[in-house]
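Engineer: Residue strings, one per chain:
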Amino acid sequence: MMGRMFWLFTAAVFGLAVHLATVLYFPGLTFQHRVKQLAGDAKDNSFFLMKPEVQAGLMPTATALDVVGLCLLNVSAGKVSLSARMPRGQWALTIYGASGEQVYNINDVEAGSGEFTIELAPAKGLIEQLRGRSDKDEVGQITNVGWHAELSEKRGLAVLWVPLADPARRADVETALSSTRCEKKP
Amino acid sequence: MKSYFGTAMLVAGAVAGYVTALQALGHAGTGPAPGNANWTQGIVNPKDAYAVYALGHFRNDGLLPPPHATLYFTRLADDEGNGLRGNCSYEVSGPAPQARWWFVSAGAPAAPATAVAFTAGNAVLAGDDTLKLSISRRPSPGNWLAAPDVGAMQVTLVMNELYIQSKNYKLVLPALKRLACE
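Order-wise, the sequence lines are chains A and B. So for the first sequence, this note's numbering puts the first residue at 1; every next one is plus one. So for the second sequence, this note's numbering puts the first residue at 1001; every next one is plus one.
Hint data in this document are derived by calculation from the structure and do not stem from the laboratory. Where is the CB? At the ideal position from N, CA and C, for every residue including glycine. Certain hints may be false.
The list that follows gives simulated cross-link-like pairs (lysine-lysine, BS3-like), each with its CA atoms no further than 27 angstroms apart [to be verified]:
| id | chain 1 | residue 1 | chain 2 | residue 2 |
| --- | --- | --- | --- | --- |
| 1 | B | K1047 | A | K124 |
| 2 | A | K185 | A | K154 |
| 3 | A | K79 | A | K43 |
| 4 | A | K154 | B | K1047 |
| 5 | B | K1170 | B | K1047 |
Chain B is nowhere near these chain A residues, computed Cβ spacing over 10 angstroms in every case [unchecked claim]:
| id | residue |
| --- | --- |
| 6 | S83 |
| 7 | R85 |
| 8 | P87 |
| 9 | K124 |
| 10 | I127 |
| 11 | A149 |
| 12 | R170 |
| 13 | E174 |
| 14 | T175 |
| 15 | E183 |
| 16 | K184 |
With these hints in hand, go ahead and build the complete structure from the sequences.
Structural biologist: Next up, the structure:
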C-alpha cells in the first residue's frame, strides 16, 4: 500500500514537472524558431524591415499593408540603444522581453516628436539593487539619451509598427524607417 | 508487477502533465469578447498571476501577444453559429470602431500571414457613423473585402488605441451575417 502511495505521489510530482516544463519551455522554442525563420540571417542588435507578406505571421495585430521593423535585442553584453526618425503619422514602438511580455510601449502621441532614442539595459539583479551599485556611466554624470527601459531577461524584441492609410506612402515610410539604428552602446 | 506499476504511473503522470499543459496553453489568453460572445478576444493581462499561460498561448503559435493598446478579436462563425467559409458572402455591420486605427481581415484559421485586410484607411462610413463591410469573392458596392480562397475562414478585428476609455464606455462589436453561399 505504501509502495503504491509512493508511486502515486511521484507520478503527481513528475506530471507537474512535465506540465510546467511544457508551459514554460515549449512556447519559447516555437517562438524562437518562428523569429529565426522570419529574421533570416539578421544579427542581434540590428534593425531590419520585415517582408510585408510575412509580418502578420509574427504580429497578428498588423497586416501586410503596414510597415513593420524589428530589432532582435541582446543586452547580455551591455546597453543597447535604438534611435529612430519616424515619418509623420501614426506609429508605435513596442518592446517585448524574451518571455513575450510587453516591457515598454510608446507611440507618436506620447513621443511628441518623430525623432527619439531609447536606451535598453539589463535589469539590475536583486543583489545589485540591495548593494545600490551603479553602472560606470551613471556615476557622476547624466546622459541625455531620451527614454530608458530595462529588460528583465538578456534578450528581447523591439517592434516598430507604422500603419499605412495610403499605400502610396510605403516607399517614403520604408526609407524613413531604414535609417533606424539599433546597436550596442560602446 | 510492482516495477510495472511504478513505470505505468510515471508515464501516466507525464502524459497527464503534457496534455493539461497543451490544453491550458490552447485556452489561455482567449475568452469571449465583452458584450458579444460571438467574437473571441485575445488578451494578455500582465497583472494576471497566470499570464505565463496567456503569453505561452501566443508564443506557442509563433506570435507576439497583442500590445496593451491594441484590442484583438477573432471569430470562426457568423451570428447564426454557422462556420465561416471562404465561398460565402457576409456583411459586417455595426458602429464604426472608435479607435485611431483598425482593420478587419479574413483568412484561413490560425494563419494570420495569409489574411487579406480592410483597414480604417479604406473605410467609407455612413452618416450615422456606422460601418457596413461586405466580405465576398465577388466585388460588392461600398466597403468590400475580397474573401480569400480558403475553406474554413477566420475573421479578425483589430482596434489600436481606443478613442473612448471612460469607465462607462461599452465596447460594441459589429455583427456578422451570412448573405449567401456559392
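Engineer: If a hint holds in the structure, say so; if it doesn't, say that too.
Structural biologist: A quick look at each hint next to the structure:
no., hint, verdict
1, B:K1047 x A:K124, "holds, 21 angstroms"
2, A:K185 x A:K154, "holds, 15 angstroms"
3, A:K79 x A:K43, "holds, 16 angstroms"
4, A:K154 x B:K1047, "holds, 22 angstroms"
5, B:K1170 x B:K1047, "holds, 22 angstroms"
6, S83, "holds, 21 angstroms"
7, R85, "holds, 21 angstroms"
8, P87, "holds, 15 angstroms"
9, K124, "holds, 20 angstroms"
10, I127, "holds, 24 angstroms"
11, A149, "holds, 14 angstroms"
12, R170, "holds, 12 angstroms"
13, E174, "holds, 17 angstroms"
14, T175, "holds, 20 angstroms"
15, E183, "holds, 22 angstroms"
16, K184, "holds, 23 angstroms"
Taken one by one, the earlier hints all hold for this structure without exception.
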